[in-house]
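Asker: One-letter residues, chain by chain:
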Amino acid sequence: MISFLLQRLGLALISLFGVMILVFAMVRLVPGDVVTNLIGLDTNITTERREELRRLFGLDLPIQTQFAKWFGGVLQADLGSSLRTERPVLTDLALRFPVTLQLTLFALVIAIIIAVPLGVAAANNRGKWIDTVASSFALLGIAAPSFWIAILCVLFFSLQLRWFPPSGYALFSEDPIGNLKSMFLPSLALGLSLAAATTRIVRSSLLEVLMLDYTRTARAKGLTERAVVYRHAFRNALIPVVTVIGLQIGNLLGGTVIIEQIFGLPGIGRFALEGINLRDYPVVQGAVLVVAAGFVLVNVLVDVLYALIDPRVRFA
Amino acid sequence: MTFFKQLLRSPSILIGGVLVLVMLLSALFAAQIAPFDPIAFNTEDRLQNPSWQHLFGTDIYGRDTFSRVLHGARQSLAVAFLSVSIALLVGGVAGSLAGFYRGWVDTIIMRFTDILLAFPAILLAIALLAFAGGGFWNLTLTIATVYAAPFTRVARASVMRVREEVFVEASQALGNKSSLILLRHVLPNALSPLIIETSLRLAFAILSEASLSYLGLGPQPPAPSWGQMIADGRQLLETSPWISVGPGIAITITVLGFNLLGDGLRDTLDPRLRKA
Amino acid sequence: MKKQVGILILGAVTLISLGLAQKSGGILRAGMQADPVGLDPHTTNATATRNQLENVYDTLVRFDPKGKIIPSLAFSWRTSKDNLTWTFTMRQGVKFHNGRTLDATDVAFSINRIKDPSVKSPRANSFDQVASVTAPNATTVVIKLKQPFSPLLSKLAFSLNVIIPKEAAATIGTKPVGTGPFVFSEYIPSTRMVLKKNPVYWERDSKGNKLPYLDGITYSYLPDATARSTALRTGTVDWIEYVPAADIATIKRDPKLEVVGGLSANFRSLYFNLKEKPLDDVRVRQAIAYAINPKEVVDVALFGTGGVVAKGTTIPGGGFYSFDDSPYGTPNLEKAKALLKEAGYANGLSLDLKVTSTYDFLRTPAEVLQAQLAKIGVNLKIQAEEWSVYLPNFVGKKFVSTIIGESGQGDPDDYLYNVFHTKGGGNFMSFSDAQVDKLLEQGRTVSKQDDRKKIYDQAQERILQLVPMVPLFHSAQYEGIAGYVKGFEHYSNSSYLGLRTTSLEK
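Protein sequence lines, in the order shown, are assigned to chains C, Y and G. So for the first sequence, the working numbering puts the first residue at 710; every next one is plus one. So for the second sequence, the working numbering puts the first residue at 135; every next one is plus one. So for the third sequence, the working numbering puts the first residue at 4; every next one is plus one.
One chain only, chain C, in its complex shape (with noise of 0.2 Å):
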């Protein structure tokens, strides 16, 4: 197992540094620079001041060059300075970092809190309305995009209920019912997608635990339906969902770029968009940096939760 893990570990780390190096070039081929950016349209800049503040910001240097210094940085936790605001990227990050995550878990308490009463009942009764209810929130869900449900939500509960704020952003440590409001029409927007894939998952993977012969047993034994349902085949049942979920989380990181956008929301993602806009180099690979080894380290997660489960995984 330990080797296993050590196996899984050693291959998340090279495809990280794939991901530097993938993401150090990108930044580069992209057209226009932060020198540009700053300058904007003042003509009265020479070509000569141009080339000096290039060379202060250190983009006069070979390329190779400036990866090596970017990755002996990152070695040693130093993912470099914001070329506009001068700010330390990390410092940036491990502010934006908690919001992120907290949109991610909350997305994902949302979508288990709707999806696995949702998939346990229309499991229990296939076929019936609840069973079509389910079944359609679970296409409709997966099938309309994050950014429309995001607006939608904003229009009915904010402009017309007035529940939530339709934008911004309190700090929990200040004001946590505000942060609370504030993260759950975009908590809701993510989630659902998630929730209506994890709804299916739910549903199909309850009905196949209840056709084995365990659950079989369990009822001839006597023990109501409910006590079938929940004690023994829902446990059995959660596996599957629990490495879909996990895979997800992946996938939600991602996915909470626009949410950010759309809310006002100070994370990981906003903080990328804003850097590719601006040709922010070192913000550019920090934030993708982060996402991917939080990506990467759920995968190699999910890995072990597998082998776990499934030994023949491992010597696959």
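If you're looking for bench data, these hints aren't it; they were derived computationally from the structure. Any given hint could turn out to be false.
[Claimed, not checked] Simulated restraints on C-beta separations:
no.: 1; chain 1: Y; residue 1: Val152; chain 2: G; residue 2: Gly265; range: 47 to 57 Å
no.: 2; chain 1: Y; residue 1: Thr373; chain 2: C; residue 2: Ala786; range: 47 to 57 Å
no.: 3; chain 1: G; residue 1: Gly102; chain 2: C; residue 2: Ala786; range: 34 to 44 Å
no.: 4; chain 1: C; residue 1: Gln773; chain 2: G; residue 2: Ala173; range: 31 to 41 Å
Model, not experiment: these values are computed from the prediction. Where is the CB? At the ideal position from N, CA and C, for every residue including glycine.
Dock chains Y and G against chain C, hints included.
Answerer: Using the frame of chain C, we list chains Y and G on its own:
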């Protein structure tokens, strides 16, 4: 014949197929079906409520939203089909090679795939589009790049499974060349998962196209695109919600169609994966 | 020199009068479009940084709401006969937020810091003509110039060219310290910036009341325009910047809200690249100008409120030097078609139009122009690029036609010489006309306003004949405020110095 009958027996395939077909027909014959010009301004008819004349009302330029949604189907479906085809081709070839030959070919291809998969997809797409600029082809190629990796994975897994089967061993024992074995025996038998993946990826591609267009990285104006229409309608959400609602419904229906088709195909083509 | 500090503090203390009724304070919650681009005012040109920090600092001189230059930290100034030496006399007893009293060496330090290449200020060139800045004593600043440069005052008044205490320079990018009416308290990126009242601020209102009235300002960041105006309407914030054009009517209708603002100092035009065929032919340019209806552009693309139709060239309407006698503005399609035919394009032509997708007000007019020009057989092919891609292309003159513009200060020279002179830095059209050049050069030397006006009228008439660009509109900028927010005045250069006299009267 029996195969098609079997396909048609699946309600998922039937409904999904009908939805996709409706969308395809709207896209192909948008010019004939659409009651109004999707681009020309008609400033007297600005921001009209939905009516029998204008099913989804009109936008700020007085253009009929329904006609624009129909024309937008062209853009969305064309990007989706083209990008998924390219991704299928690239990923299918790479994955088959990796799964069939294993060894260093496999290592190189899969490490590269892992890197692409570890890269946050939407950021990858945004960064690529920032590099290349928006527009139809750039959008298509970007989505293709992002989706090539999952296709590689699916193709590899499928090819690896088939490769172990008896008839391949038999063919090898007969002394056939490996490329011939791959093409004649392995690939045809490894296709089902790829077909299913294609259908589901088409649904994802529609969503991705919409998201990127929403961010303004889609086709050049004034070509209507669903994502861009939702973004444009947003500032008038309260007074004229239909501008955003119409294209949103179109996206949902299209994605629903492809998803149902994918589910149905999975049930029919691959009974081992069949879910209760 | 330092010994005077104590005396100055004493002076300041005795100057503080007591007893006058104060306007009610409160904390203003302001919804902003974007984060500041760094907190060091000297190293950025970003409007967001300027607007959020200009009330933390003061400048040597400053603009009033109409754009006139008035005293600030310097209460008087004079120039030598040769216009090469400017002497400023400083206000006494002004304190930095760190408690130290401001003196002239801080002014010299601040301007020299902007000039210092290692500081990377994008405005180092603003002071290219400055040979030296010195502080002969605590209350006198002397600026020596290499050659006469009358825009010096407007450069000093630009509210990012602020005076900072020299001992805080190293940390000014994380902890702003100034002399302004508000003290920087906290900044959390993408979340908020908190400013608190400076209880010992030097300035008073016309009745002698201490400024500012507000107890503080909390800026929160709402990048999405629709979300921003929704936040104002739902009472989450008291004040927002950049009200989207689509929402102006809605906010005006709401009895509890107000919109202030309007025309600001800028122009937006359809630029032609005169090096590109067929735009090198003046008849083609005129034909396009005759076919365009700028009023429709404003009504349709800018919701009728996002801009003011351009009546003449680049100078916003209503100004002393603006020229309103343009032959264009009301479409004359017959004339346009005739001109095209004459130029050999009887069957129409196809033209590339490059726009940026980043700013709606520069993108949406493209579709209106496309529809208008289609009527004379000109097929506009729109290509939208993200700002970072667009900008280098535009500056490198890699476009056939494009929609863009610039902001001006107040002098006609800003709007005309820079844009239309053969050597003008903003002449991206490659426009070159000897007659226009001569007139614009003349305008720089003549000082009598009426004579100058005649020269600039001639120049503008000639420019309109040759149409290197079709002026479309002047962008309007609006702030949305709740009814209980009183005393906020909109500045034509879009600065928020008006927050100094704002109060909440709930």
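Asker: Name the hints, by number, that the structure is in violation of.
Answerer: none
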